[in-house]
Every structure is written in structure tokens, then in C-alpha cells.
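Trainee: Once you have looked at the hints, place chain E with the ligands on chain A.
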Amino acid sequence: MKILVTLKRVVDYNVRVRVKSDGSGVETDGVKMSINPFDEIALEEALRIKERGEAEEVIVVSIGGDEVQQQLRTGLAMGADRAIQVSADGDVQPLTAARTFLKLVEKEEPGIVFLGKQAIDDDANQTGQMLAALWDRPQATFASKVELADGKATVAREVDAGLETIEVDLPAVLTSDLRLNEPRFVKLPEIMKAKRKPLETLSLEDLDVERAGGITAQAYEPPPQRGGGKMVESVDELVSELKSKGLL
Amino acid sequence: MSRVLIIAEHDGENLSPATAKTLTGALGLGVSDIDIAVFAADPSGVAEQAAKLEGVTRVLTVQHDDFEHFLAARLAPEIKALAGDYSHVLMPSTTYGKDVLPRAAALIGVNQVSDIQEVIDERTFKRPIYASNAIVTVKVDEGQPVVATIRTASFAAAGEGGSAEIESRDAQAEDPGHTRWIKVEGGEGEGPDLATAPVVVSGGRAMGSSEGFDIIYSLAKKLNAAVGASRAAVDAGYVPNELQVGQTGKIIAPDLYFAIGISGAIQHLTGIKDAGTIVAINKDPEAPIFEVADLGLVGDLFELVPELEKKV
Ligand SMILES: Cc1cc2nc3c(=O)[nH]c(=O)nc-3n(C[C@H](O)[C@H](O)[C@H](O)COP(=O)(O)OP(=O)(O)OC[C@H]3O[C@@H](n4cnc5c(N)ncnc54)[C@H](O)[C@@H]3O)c2cc1C
Ligand SMILES: Cc1cc2nc3c(=O)[nH]c(=O)nc-3n(C[C@H](O)[C@H](O)[C@H](O)COP(=O)(O)OP(=O)(O)OC[C@H]3O[C@@H](n4cnc5c(N)ncnc54)[C@H](O)[C@@H]3O)c2cc1C
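Line by line, the protein sequences are chains A and E. Going by my numbering, the residue at position 181 of the first sequence is 181; the numbering climbs one at a time, nothing skipped. Here my numbering = 1-based position in the second sequence + 1000.
The hints are simulated quantities; they were obtained by calculation from the structure and are not laboratory data. A hint or two may mislead.
Claimed, not checked - Simulated pairs of lysine to aspartate or glutamate, DMTMM-like, Cα-Cα distance not exceeding 25 Å:
1) Lys-1183/E - Glu-167/A
2) Lys-243/A - Glu-1303/E
3) Lys-1222/E - Glu-237/A
4) Lys-1139/E - Asp-122/A
To be verified - Stretches of chain E that chain A covers, calculated by requiring three or more beta carbons in the stretch to come under 8 Å of a beta carbon on chain A:
5) 1069–1078
6) 1103–1115
7) 1131–1143
Glycine is no exception: its CB is placed at the ideal position from the N, C-alpha and C atoms.
Same shape as in the complex, but just chain A (with noise of 0.2 Å):
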């Protein structure tokens, strides 16, 4: 079986992001740029399932520019075997990232699909659930455990009452979730071979995927400041502030 796990390149997780004066979008000059966190665990799980012998190829693939390289190599360095680069300018909505996968999938026939449940960036959360629409699959979304079974995978979903557990057939789409583990740290030697995995790109046109826009950015704002605040020395201080501003 093969694991297809997409990888996108997003403002490091740490980086304060601004908006630029103009509200024309945000700061992304000089900052730093890395794998989405809930991406990387994606990648983690799909190794630990081929190092348990359940899968026998582990492949990245991000869409973006010649700079998301830095990421699939990355993704080599932790493991994956290889990595697909798909080339393409500008605005990339998740619709537009399903249909790619989807041309992805049909090539590469991949048993599971492991993708972040949300990119740290735009915050869209719909990527997964669309492309398994498309591909029309399972879906198994915010997985926090999993388990492969006789073409199956039981999940364990974190959602708003609990924990959801719910089994798929293969193939199937599965999100990653923050508790489902914790992702290796590369060492140097691995960044070395790394180098020497292939890395094949393609471009939107070559796989002939139609773009979805429909959504326009129109200006972008930092959020109202919270502030004002004030520092009690006590207890008793803090109840009676509360008890003036009605709140006890």
C-alpha cells in the first residue's frame, strides 16, 4: 500500500504574523516558512504505519512554488521515499488542492490519503473533506488514533462532545489531529540522503486540473486589540472588581 501525504508550506507556527500597513495581506517577507504542523504529524503517522510494515511507500507532494521544495526535502529527511512538487502561481483554494490530489491519487492509486485537518495559515479545514467528496471515499477527519486492519482503519475523531471512533474501508482520506502523535526530529545524516531521494514535479496544467476560485479576498485587517487591563494585588481586590463590574 501507498501513503499519499500533502505538505503545506505555511508562516512558521512561532511567527507573529502582521498585517502589511496597506491591508493588502500579511507580512511573509523574511519570515520563517515551514511544514504545516498538523501536516507534519500527517507524515509522522504514514511513517510509523510503513515502519509497523502496514504500508511499503510513503509519498509527499505539495502544491506552491519552487520554494515548497524546502519542505518535501524536509519531508525526505524525515522519511517519505519520495515527493511530488505540483507547480502553480498564486491563489490555490482548497478546492483547487482536491482536484490536484485527486489527479494525484488516480496516478498513484494510494490506500490512504493523510492529509493536516487544517493549514495554521488560511485556517480553511476543507481540504480532506473535499477531496474524499471528489474521490468519493471515506473521509475519517481530526484523527487522534489510528488502526489498519483487514483494508480497514478504525479512527478516533476529536470532536466537540469527545472522542468519536468510527471505521472506513480503504482507500480512504484521513486529517490529522494534534494528540494523534509527535512528530521525529530529522538529523543531519537523513538531510544528506535526502538530497538523493527524487523529487518530481509537475505542473496544474500537466495534471489538466480545473481551478476552483469563486472567493476574492478584498482586504485584510489585524483583529481589535484587547488591552486596558489592569493589575490587582490581591484576592480581594480581584472580587471586588468583579462584583463592581457585575460579573459575581
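Mentor: Just chain E with the ligands now, kept in the frame of chain A:
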């Protein structure tokens, strides 16, 4: 003409408050025709609750035994089948809406607007990105339906007093047979629901253990509050995952929020930015939580929290 369809969220018996909040978002569109669809094994009770919400035109019930549990692969084609008559299809951005609606959007053939926090007009919305470090105004092209989730923390629940008609519709799709519901664990917690409680007491990594969390539960009980937690506290196993507040947990807007032994990471703050009053207790005067707290108290939580419990 514009018509709005809201897919109800419920547990088989009770309509979730998330639906009434989604309705408030829908009312902001300025569209007079708003229907709520109830998919259920036995929709009658939930449909009656939905019909009472102020501003609802029609409640559509779709009965099928498959709808005992909500599976996205089963529901998405049903939503698509209903959606043809509507300009807008909305769900709350709960884990249910997040799971189901993008699947339906892809079948309809459009991108979804996720997490609307403000409605500008019928096709223009504000939504948070980058863990709410930025707000983007997006516009959906004319001529395509708006498929969107509503960020429930940004809208109050719609009131009651309506008396919408209830109509039944037939299920259109079949069980694809590849996905099976097994069980759900959790929700055994007592006290008010974290998503809607007016007062929430949250503990962080500093609680140190599940036993350490006892003082949080105890204060919460005294205040009739729900208990929440940071990711670090959930990851460490002190409390179950459904208590996590933040970018990847629950987004909440209580009147009063206590952040106790929580440093104030941006991913946590995303979950509480609409809270009325934030109280922080932390031993580190430099903790970032104090930058957003309305009332801050520096000191050891293991002394201050029991004292607070006595004095409220
Ligand atoms: C109006 C508008 C304009 C935009 N303009 C631009 C722009 O000019 N340039 C730009 O870079 N972005 C732009 N974006 C952002 C970009 O469209 C979003 O990244 C896109 O909407 C996907 O959302 P998401 O990544 O949050 O998806 P999610 O559904 O949250 O992603 C879930 C998972 O899908 C996978 N995935 C998604 N996209 C990719 C990818 N490209 N490669 C690999 N894996 C992926 C990942 O595994 C990810 O964890 C724009 C967005 C909008 C709405
Ligand atoms: C992609 C991603 C998503 C995330 N999503 C979320 C999310 O949804 N929710 C979330 O919460 N986090 C989330 N995080 C994690 C977040 O970045 C922080 O790591 C986390 O919130 C820290 O939890 P904490 O404040 O409890 O722990 P810490 O940061 O360790 O803070 C503990 C605090 O307790 C104080 N303290 C210690 N002892 C005492 C004492 N005796 N008395 C008083 N104060 C004391 C310390 O001064 C410190 O400020 C996410 C991270 C990533 C990368």
C-alpha cells in the same frame, strides 16, 4: 431570489445552541427566506424546537434511520440534493459542520467560506486567518451559491417566538456502505457546556496533574462555570480533549473567563478573543496572558485559587 438553508445540529433530542447562533448569522444577510433542515432518525422533537426560533420560514425534516449518527459521507449528498433551491447553505463551525459541509461544498462544486465572524452583505464576509492574527474580508462571486460555516462565538443565539411550518422531505441518497459509526466517548463531565457557558474556568500546564486540576473543578462548581484547558494540559492527560480551548479546540465567548496557569500562547488566545472579561492568574508577571487580560493577578495559583473559591 436569495434563500438560506441552515443544516441543524442536534443530538437526536435537542437542537444545539450552535444552530440558533448560525441563524443569527443568517439573519444578518438581510434575506427573508430562511429554512432549517433537520436530518434525524426521528426529527419531530428537534423540528419543533427549530420551528420556534424567531426568523425561520420553514423547517424541513428528512427522516432516515441512517441519520441516527452523522457521517459526512452519508450526509453530504443529501445536503447537495437540498441545496439546489438555495443561494446560501450554512452550518455552524463546530466539528460537525467542519466535517460535513466542505464535503457537500465539493459536491456542489464551490469553495467554502470557513468561520464567518461578521456578515457585511449577502456575499461579503469577515473571517479570521492565521489563528486570528488577521481578519480577511472575502467576497463570493455572483452566480455561485455561498456555502459557509458560521463562527458561533461571534453571534448570539436567536430568540424564540417563531412558528415556522414543518414540512417533510424524502432522503435522496443511499448509504455508501464504506463508513461505520462505532461510538463516542466523553461528555460525562458535569456542569454547564463549555461551548455556551457564561463563565469558564480554564487551567493550564501549571496544574501539574489531574489531581492538580481539582481546584479548577472546585472553583468552577462554586461559580456554576464550565471547565476548560490549554492544549498543554490536555496533551499531558490532565483533562479530556473536549475541554481544549483555542485555535484547534473550542472557540468560546463567555462573559467571564479565568485563565489559570496558562501562559497565553496565540493559539490559546484565539479561542477567547470574544470573551467579555478575562481574568488571568499566573506567577510570571511577564506572561503574555497579562497583555490581554482585563484583570491580572500575579502569584502562586495553588494559594490564590483556593482563596478565591472561598471569597466568591
Ligand atoms: C481569496 C483568497 C486569496 C488567496 N490568495 C492567496 C495567494 O495569493 N497566495 C497564496 O499562497 N495563498 C492565497 N490564499 C490562501 C490559499 O488559498 C489557502 O491556502 C487555500 O484557501 C487553502 O486553505 P488551507 O490551506 O487553509 O486549507 P485547509 O483545508 O485548511 O488545508 C488542509 C490540508 O490540506 C493540505 N493542503 C492544502 N493546500 C495545500 C498545498 N498547497 N500543498 C500541499 N498541501 C496542501 C494540507 O495537508 C493541509 O493541512 C488565498 C485565499 C483566499 C480565500
Ligand atoms: C498548530 C498548533 C495549534 C495549537 N492549538 C492550541 C489550542 O487550540 N489551544 C491551546 O491552548 N494551545 C494550542 N497550542 C499550543 C500553544 O502554542 C501552547 O503551547 C499552549 O497553549 C501552552 O499551554 P499552557 O499555557 O498551559 O502552558 P505553558 O505555556 O507552559 O504555560 C504555563 C504557565 O503557567 C504559569 N505557572 C506555572 N506554575 C504556576 C503556579 N504555581 N502559579 C501560577 N502560574 C504558574 C507559568 O508562568 C506559565 O505562564 C497549539 C500549538 C500549535 C503549534
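Trainee: None of the hints should be skipped; say for each whether it holds.
Mentor: These are the hints, each one checked on the structure:
1. Lys-1183/E - Glu-167/A: 10 Å, holds
2. Lys-243/A - Glu-1303/E: OK: Lys-243/A and Glu-1303/E at ~21 Å, within 25 Å.
3. Lys-1222/E - Glu-237/A: Holds, because 19 Å separates the two Cα atoms, which is no more than 25 Å.
4. Lys-1139/E - Asp-122/A: 15 Å, holds
5. 1069–1078: holds (count 4)
6. 1103–1115: holds (count 12)
7. 1131–1143: holds (count 11)
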